[in-house]
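2 protein chains.
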Amino acid sequence: MRVGIRRELEARSFDQTLVRWILRFAGNPNISVRLWNGDEFQIADGNPVACMEIHDRGVLFELMRSPSIGFGECYSQGRIEIDGNFRAFMVELTAGVTKRRRRSHYGPKLRSLIHAARVNSLALSRHNVHHHYDLGNDFYKLWLDDRMVYTCAYFEDSEKTLEEAQVSKLDHVCRKLQLQPGQKVVEAGCGWGALAMHMAEHYGVDVIAYNNSHEQVRYARERAAAAGLERQVTFVEDDYRTISERCDVFVSVGMLEHVGLANYRTLGALIDRCLAPDGIGLIHSIGRSHPAPPDKWILKRIFPGGHVPSLGEMAAIFEPYQFTVLDIENLRPHYAKTCAAWLENYDRVADRVVDMYDETFARMWRLYLAGSSAAFETGTMQLYQVVFAPQDNNSLPMTRAHQYPGSH
Amino acid sequence: MRVGIRRELEARSFDQTLVRWILRFAGNPNISVRLWNGDEFQIADGNPVACMEIHDRGVLFELMRSPSIGFGECYSQGRIEIDGNFRAFMVELTAGVTKRRRRSHYGPKLRSLIHAARVNSLALSRHNVHHHYDLGNDFYKLWLDDRMVYTCAYFEDSEKTLEEAQVSKLDHVCRKLQLQPGQKVVEAGCGWGALAMHMAEHYGVDVIAYNNSHEQVRYARERAAAAGLERQVTFVEDDYRTISERCDVFVSVGMLEHVGLANYRTLGALIDRCLAPDGIGLIHSIGRSHPAPPDKWILKRIFPGGHVPSLGEMAAIFEPYQFTVLDIENLRPHYAKTCAAWLENYDRVADRVVDMYDETFARMWRLYLAGSSAAFETGTMQLYQVVFAPQDNNSLPMTRAHQYPGSH
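For the protein sequence lines, the chains are A and B, in the order given.
Start counting the first sequence at 7; every next residue gets the next number (my numbering).
Start counting the second sequence at 7; every next residue gets the next number (my numbering).
For identical chains, the list gives no copy identity; a pair is met inside one copy or between any two copies.
SDA-like, lysine to any residue: derived pairs with alpha carbons at most 20 angstroms apart:
(1) Lys190 with Ala275
(2) Lys105 with Ala282
(3) Lys302 with Tyr112
(4) Lys166 with Met404
(5) Lys115 with Ala322
(6) Lys147 with Arg227
(7) Lys302 with Ile28
(8) Lys105 with Asn400
(9) Lys115 with Ala268
(10) Lys166 with Arg153
(11) Lys166 with Leu402
(12) Lys166 with Pro403
(13) Lys115 with Arg271
(14) Lys105 with Pro283
(15) Lys190 with Arg227
(16) Lys115 with Ala275
Please keep in mind that the hints were generated in silico from the structure rather than gathered at the bench.
All of these numbers come straight from a predicted model, not from anything done at the bench.
Isolated chain A (complex conformation) (with noise of 0.2 angstroms):
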């Protein structure tokens, strides 16, 4: 070993052989890379995907010390730029991380049950929630669809544009609930709105919507109003765990990704005193193949106090309180396309992000975007949509036939 150690430092700079060493715990992807020099070389053999240009030494450092929060910082900071198409550049380092971290399995889920522990209160959540979702309803409006719809988009068929994939996942929804006029909903984290405006309007059912975050709660209900729902809509500002009111359907749509593990119980037994012994719930959340504790650096600057779960750790809400899984559908290719429209749309107001915050702030949601696209497009992260009831529910159909409109 320290022959060959030698051998390389020899043959190369010393630099280069720390990013050689950095790419091959990254699973030596198929980049290029630039050093502050003018250094240029490559690692893996082929054409490389995008060129990674490092600005100071430094960065090496810092790769070092935490691979995930150090890229995250010196990309954000421009001391990392990528010369070439970002989203595959992401789509390359994290199928590389991805596969070498493959055999991997105790190690991860221990990992995730130690992060499980630390439980998200009523005030912490509030805080994180704010973190994220009240930097202004102007910054979403940029680059999310119309309606605002901040989650996973069904794309039915490949032609679907953004706007008409959200409305098209929505459906999906309300078809998978099987929603009947009259009946009440309650929503736990609705995001601006649209959900439960869209089941109001289009299935005539009675929603009850809860959300932490006093800007989307604040624009949801002034879309409401303006949309002649007020009566069927009540927006609720405050944690899921607080609702109350017994109901048909209940249905949660990205939120369980800020639930934290520590609180699955908590949610299941909600549900379980929520629901009607003839109801049908739907969650809908990011998950993963397999128990990992959240990426370091996501934590740190985007989902402070999130986690995604796997199948089984999603297990907890569902068992305790003897909760049939009806149907569950892994929509992970959809949010891969889903991310990258925004990515897109992103892309083009960039400028007018920079004007609002600043640069970082800028080129860390632009990561933010393309690394979730990266996720979905690997397989480092899925989305589980759940349907479920209470164990003896005997009035639901047959076959999921209702879910694919124009069959038999």
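Dock chain B against chain A, hints included.
Relative to chain A, chain B alone:
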């Protein structure tokens, strides 16, 4: 309390009081009871579903010692008789027991874990499989469909007969797997070979199918030869753990129930070794909404070595190998209908079963079929079809519309 008990004893016979205690443990089902001395009474208000005749006092002690084994043994021996619709009686009884247990979680979970510690060795597995499946093909021919499919059927519409619904199930599985001509399929636990032959004949794939049961494999080979499918379908009489072939598709319908929790990682590792990177798999298994040990009587008389997992427990197959779960469908109501159809067939040939075996055996199987139908009807048991793939397989369709031909 003492005064209450004394008053009860005064008002009723000691035997009646025992019965009431036993039935309170069973969640006060809406049935009436007739004792050996002609005493008849009912527990719950309303029109009883059926009458349970208890033919001797010893039955009461058997029921108190172990409700599940006591009921199973006494019914098999004819010491308990049901006057009225047997299946409806079993549904009422099972619903009561299930409701009574509803609030406990850690107890059943712990007992499930303890049960799981018992590993099914190769020799033990062969013994267990022999116990159930080598009863003789003639026995199963009496009450299964023509294809001898001994797993949950798929009643796409309620008009389907059992025969038709079994074909629908085979096609539903094949559509979920998106079989392509020329693909290589490994089947673990193939019963009498119906799925293997259906896949080969109608989807043009090559199948290697494993089964530990000598009787079943012999029969499957004969049928494949008669159908001219010997080249496409190979039946191997061996344990699933000896599978070593590489394949595009892995499928296992109704075997997991016999694998035992302690072997789930072994099964996952096996699939990981066999399945191509762009492959796909399906596991179809009876399940539960929450972890619990098997029913004691079923374990003793019907399925030695069996374990019926919750989805959380099934995660042990997929998560260590980072398989992505793509799709889970719960076919619980279909299995209630399937078992009811089997019971109907069985009751028509009960005399012949008595001739082949004896009265006790015939009653034992009647109880097993009626009890299974009741377990699915009441949500005590579930039927999960889990479709999975290697984490980074991006060659899969975006939606599940292909499972519902005629849609879009």
